[in-house]
Structures are given as structure tokens and as C-alpha cells.
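Residue strings, one per chain:
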Amino acid sequence: MNEDELAFASIRELGALLRSGAVAPTELTELFLRRLDDIGRRLNAVVTLTEDIARREAALAEAELRAGLDRGPLHGIPYGLKDIVAAAGAPTTWGAFPDQRFDTEATVTRKLRDAGAILLAKVATIELAGGMGYDNPNAALSGPPGNPWHTGKWTNGSSSGPAAAVGAGTLPFAIGSDTAGSILLPAAFTGTAGLRATYGRVSRAGAMTLCWTLDRLGPMCRYADDCGLVLEAIAGPDPRDPSSLDQPYTYRRPSPRREGFRFGVLAGSGDSGEPEVRENFRASLAALAEVGTLTEVELPDLPYDEVAEVVIGAEAYAAFDEFIAAGGTAGLTATKAHGHRLAGAVLPAHDYIRAQRIRHVIADEFGALASRFDALVAPSLGIVASGRDEDFEYMLPGAFGPLNFAGVLAGSPTISVLNGLGREGLPTGIQFAGARLAENAILDAAVALEERIGTTALRPDGPRGVAGKARVNGRVG
Amino acid sequence: MRPNGSATGWRYPQLSAESSASVARKLVEIVSLYHGENLSADQLDAVRVCVAAQLAATERLRRFPLTNDQEPIFGVRADASA
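First to last, the protein sequences are chains W and P.
Position in the first sequence (from 1) plus 8 gives the number in my numbering.
Position in the second sequence (from 1) plus 2 gives the number in my numbering.
Calculated directly from the structure, the hints in this document are not laboratory data.
Ideal Cβ positions, reconstructed from N, Cα and C, are used throughout, including at glycine.
Certain hints may be false.
[Said to hold, decoys possible] Partner residues aside, some chain W positions facing chain P, computed with beta carbon under 7 Å: (1) 221; (2) 335; (3) 348; (4) 359; (5) 367.
Required output: the full structure, derived from the provided sequences and hints.
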């Protein structure tokens, strides 16, 4: 395998190479550090390279694997953390505060170290995970993030760094966060696999809070199977996070399913959006029909957008009340932020509670629908990536249907994976939404689709992509 | 078993467009009283837009019928029956 092939290899492929001795953890670490320092920085995906931590963890992993101590599929695999997740020994800027540090690391950081993974970088996030509102891609300490498939395009947010870094082959995987689509939407724009697991699957202790009842951490990888492997390592109860679940989670099973699925196809979801998005979705449905049944379904007619707006408006204000009230938002790059969250100052408590009562109805009704299927499917977004320098306020609202917010509010799992290329060679995505705790059903279905349509072979190697001609010439674009 | 109660017959009053606009103006004024010294004219415009959107959202939610015993979700229970 040459360096480019290594850079885009799956976690299982890298694991096999590590265990056969064909490549060492220290070699992988140096390869990905070079790519982060070069491609990653030019995409504005990197906040901090954690070289010292990386080299120390790589040397340890190498010694352990040589001695026959195998910590599992992530042992010796490099990764990055969205910079709202704390790691001891490195700043955790939340995309806004360059000098901020925490003495206590996040639970997810500890779990990944226990699994033998190697921390290479803190990667970019939109300021405060986009929680103060933003409509400009440059609303981040590290600048506007570039899309690996076309460096003049945006990654979407707020997990912009994980998406850019993984999509460009500068990290095998990263940890992102999602409150209302911050894993799913960047995954769709960058052709990566992003998993928003069941609320509570992954401890959030040590990560920035934006919205207590919605925040989730999750894996951002190149392929669906990688997401399952990472989730298995980071899932589990945590006394530091009262929302964390007691239920154990196992992804690796003797015979993962590749057929016999029941898919609910969201009515009308393939009829809007850009022509290439519609065409790729139709092709995906044709492939899914070979491994399962397709049934058209309607989402219950419920006020998803309004509930999300009120819940996030109240909780995000509360989580940052002193900062907002003292005028801290004026120091942010997000132009929209300066006035946006202040509306939360005059949001009555009873309206917030009413929103959470209606959310209960949403969770019950969506759960009843989702439990009839292995996955509900729809395009992840109706559009491909927008410009890196364009405000997107008037572009995005029409780009996604209600399935994202339904899954957000229900606390159920959703994964977005690459399902083809659209305008200007940019990725399109398909989302699989499942019932609570049913991650394996949507992961198996997503893997089955990837195998059928061959999207795992696609690379950002077009004329404006980081793995193509522009990179050979030494410039990202 | 707690009584489930009913919202039947009782509803939030439907405000006229004029009353609604008046409420929005007052709310923006309150924000301005609290935070005015930190806000430029553009930022105050952003507050106006967001307060209007928030009012529209809460108005829609106030039209959604609920019974007395329907509890807020707060923490989503992943093991709750679907």
C-alpha cells in the first residue's frame, strides 16, 4: 500500500496492516501528522497538532502490539477530536477561546486512549459548535473550513474539522458532536460517514455543553463500518454524565446482516433537491431494493422545527447566559451571533416546557414509526456543498427535510454516508435513521449500501480535490 | 394513576397580527433594556428577527393540544417503549 492508499484505508484495513507488521503505529502517526500539517492546515481543519501526545501514544501502542497486547480494532489507529472535547495537555478552544485549557480530559478521550487509539490533533469547530447562531462559514477560530472534494467549497458545520480532516485522508477518524445536525450535515457535504448514536450512548463529560437534552458526541469516519468500531469503543455508562445509558453496546458480531432489511422511504424525500441528489438517491434505493423491502412512509405531521428552535433557544442561552448577557457574542466571528441568542432572554419558561412536552409526543410517534423498520431513509441534504466564502442562511433551510430534526428530537440514531457525486464532483449523502438503540440495524444497512454501490472507492481526487491533480502540484487549490 | 386531564375547551388566546407585533416590539425593548449597551443597530435588528421567529414558533406550539398529564421529555430515555 502506498501512502495515499494508507491515508484512505479503513480502520479494519489499517488494523490488519498493524497486526501483520506491514506498518507500525509510529509510521502511521508520522504519515497522518504530515498530512494534517500540510493538507489539514490548508483546509483550516487543524486547531492544534498534538505531536507530543501522538508520538508517546504511538510508541506505547507499538510496544504493546509487539508484545502481543491487543486492545482491539482502534489499537494503533490515529484520530482527532473536535475542539469542544477536552484533552489534557492541549488547548480546547471551543472554536473561540485560543487560550482555554482543561485539566480534566473528556471521558471519550480516556476511552479512546484505553482502546489504544492515538490522538493526533484537535480539529476545527464552528465557534461554540455554532450554538450562538451563524450564517458565515468563517465563523471559526481556524478560519473557513475547506471541503476536501473542492477546496473552494464549505464543509458545513459545526463538526467542520472532523469532516474536513477525515474526508481529506488526514485522519482515519475523528470525534464530532451533534445537537441539531452538526455531525450529519458535514458528513453529507464531505462524503464522510457520520453517526449520531442514540442519545446517551456516548458520555459527553468533558465536552462543551450547548443543549443538555440534545447534545451528542459521535464518530466521523470514512466508512460506516468504521463508525461501528469507534462507537463500540466510546459507548457506555459514565457517572460523570447522568444522561449516559447503562445498556452495553457491541458492534462486532459473528454475522453482521447484509440483506433482509425493511426500509421506510420518506415520502417525497427524493423529489426535491438538486438533480444529482435525486438521481443518486434513486440509484441508492435501487441498490437497497436488492437487499431489502422498500415501503413509502410519511413522518407524523408534528412541529419539529419549532420544537427544536425553542428547546435550543432556551438551553443554549442558559448554557452561555453569563457570556451572552455580558456581550461576549460581540467578540465572535459569527456575524449573526451578536443578536441571535438574545431572543432567549425573553423566552418564557412555560414555552420551553411546552416544547419539551410536545417533544415527548414526537419521540413516541417517531419511535413507533422507526421501530417498524430497520431504517428510514432520505437524502442527507438536498444540495451539494456551497461556497466556502458564501453565507448560507438562505440556502440551507430548504435543503433538508424533517427527518433530521425528527431524529434529533427523538434521540434516536442516524448515520449519513456517501452515495455518489453530484454537481462539480461534490459528494451527495443518504441518511439511515433508526429506532432508539438500533445502531446496528442502520450501520449494517449503510455498510450493505456502500458495498453495493462501491462508494468506498471514491476519493477527493477531482481537479479541485485534495487527493488529485492540485495536490500533486503542491497546492490544495 | 394520575388523571390525564384535558385541554379541551381551553386554548391560548389567538393574538391578532397587530397585538403580536406589539408583543414583539415590547420583547425587543426588554432585550434592549437588559443588553442595549452591548448592541449596535444591526445587532438589534438581528434581535428583532430572532424574537419574531421565536414568537412564531411558540405560537405554533401553543396551538398544539396537550393534556394535563403529558410530561416534558427533558432526558430522552433510550429504553423507553417506542
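Do the hints match the structure? See the list:
1. Below 7 Å, beta-carbon pairs count as interface contacts, and residue 221/W has one with chain P at about 6 Å; its hint therefore holds.
2. Because the beta carbon of residue 335/W sits about 3 Å from the nearest beta carbon in chain P, less than 7 Å, this interface hint is met.
3. Annotation: interface hint on residue 348/W holds; nearest CB of chain P at approximately 5 Å, less than 7 Å.
4. The interface hint given for residue 359/W is met, as the beta carbon of that residue sits about 4 Å from the closest beta carbon of chain P, less than 7 Å.
5. For the restraint placing residue 367/W at the interface with chain P, the shortest Cβ-Cβ distance is roughly 5 Å, inside the 7 Å limit, so the hint holds.
Every hint, counting from the list given before, is met by this structure.
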